[in-house]
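Undergrad: Sequence:
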Amino acid sequence: MASKDFTNIPVFYRFYFRWSDPAICLWGAYMDFVTPAFVLNAFVPALIAPRNPYFDFTLQQLGGALLMLSFIDVVLLRYTNDIKIWKILQVAVLIYDLSLLYSNYSSLSQQGRLNFGALRWEDWGGIIITAQAAVGKKRTKRS
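Using the working numbering, read the sequence shown as starting at 1338 and increasing by one per residue.
Bear in mind the hints are in silico, worked out from the structure with no lab data behind them. Predicted, not measured: the structure shown is a model, and the values here were computed from it. Treat the hints with care, as some may be off.
Across the chosen pairs, the derived CB separations fall in these ranges [as the list claims (entries may be wrong)]: (1) Tyr1367 <-> Tyr1433: 10 to 20 Å; (2) Lys1421 <-> Thr1395: 25 to 35 Å; (3) Tyr1391 <-> Val1348: 45 to 55 Å; (4) Arg1351 <-> Ile1385: 35 to 45 Å; (5) Phe1352 <-> Ala1383: 36 to 46 Å; (6) Thr1372 <-> Gly1454: 23 to 33 Å; (7) Gly1462 <-> Asp1419: 31 to 41 Å; (8) Tyr1391 <-> Phe1349: 34 to 44 Å.
Just so it is clear, CB atoms sit at the ideal spot from N, CA and C, and this is done for glycine as well.
Given only the sequences and the hints, what does the whole structure look like? Please build it.
TA: As structure tokens, then:
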């Protein structure tokens, strides 16, 4: 099978969506499955609400979504050089990223921690990782 020409896809997007984004998703999925207490504490500090392991399944579902996204990034974006397919996928994932940002906002609001002084490094990490992914996907949509 002849290799495909991906020159119609900007180099930054080829790198970001075929290497960086899948790696971030795999790392997040690993964290969701292997270190649920750490992940939950990143969303809701243990001082506010202690972890209840009966809710770990929600993190496992999030981890499953991240594994699916990583697989799609790695396989589909190496299979097709159709820019329309790339854009459709990125819009779909942008919707997911925006829901994650809204979820972070809503959680921080419920906890009374929307001011900068109340944000911990875990909060900033989640917000920055998701926001940079959303910005990258939005830029793909426009190009």
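Undergrad: Now look at each hint and say whether the structure bears it out.
TA: Against the structure, the hints come out as follows:
Separation of Tyr1367 from Tyr1433 is about 18 Å and conforms to the stated range, judged on CB atoms against 10 to 20 Å. The given range of 25 to 35 Å is respected by Lys1421 and Thr1395, whose C-beta atoms sit roughly 34 Å from each other. Judged by the Cβ atoms, the range 45 to 55 Å given for Tyr1391 and Val1348 holds: they are separated by roughly 46 Å. Between Arg1351 and Ile1385 the beta carbon distance is about 42 Å. The supplied range of 35 to 45 Å therefore holds.
Distance hint check for Phe1352 and Ala1383: the Cβ-Cβ separation is about 37 Å, which falls inside the suggested range of 36 to 46 Å. For Thr1372 paired with Gly1454, a C-beta distance near 27 Å keeps the hint of 23 to 33 Å intact. Separation of Gly1462 from Asp1419 is about 34 Å and conforms to the stated range, judged on CB atoms against 31 to 41 Å. Judged by the Cβ atoms, the range 34 to 44 Å given for Tyr1391 and Phe1349 holds: they are separated by roughly 42 Å.
Of the numbered hints listed earlier, not one is contradicted by the structure.
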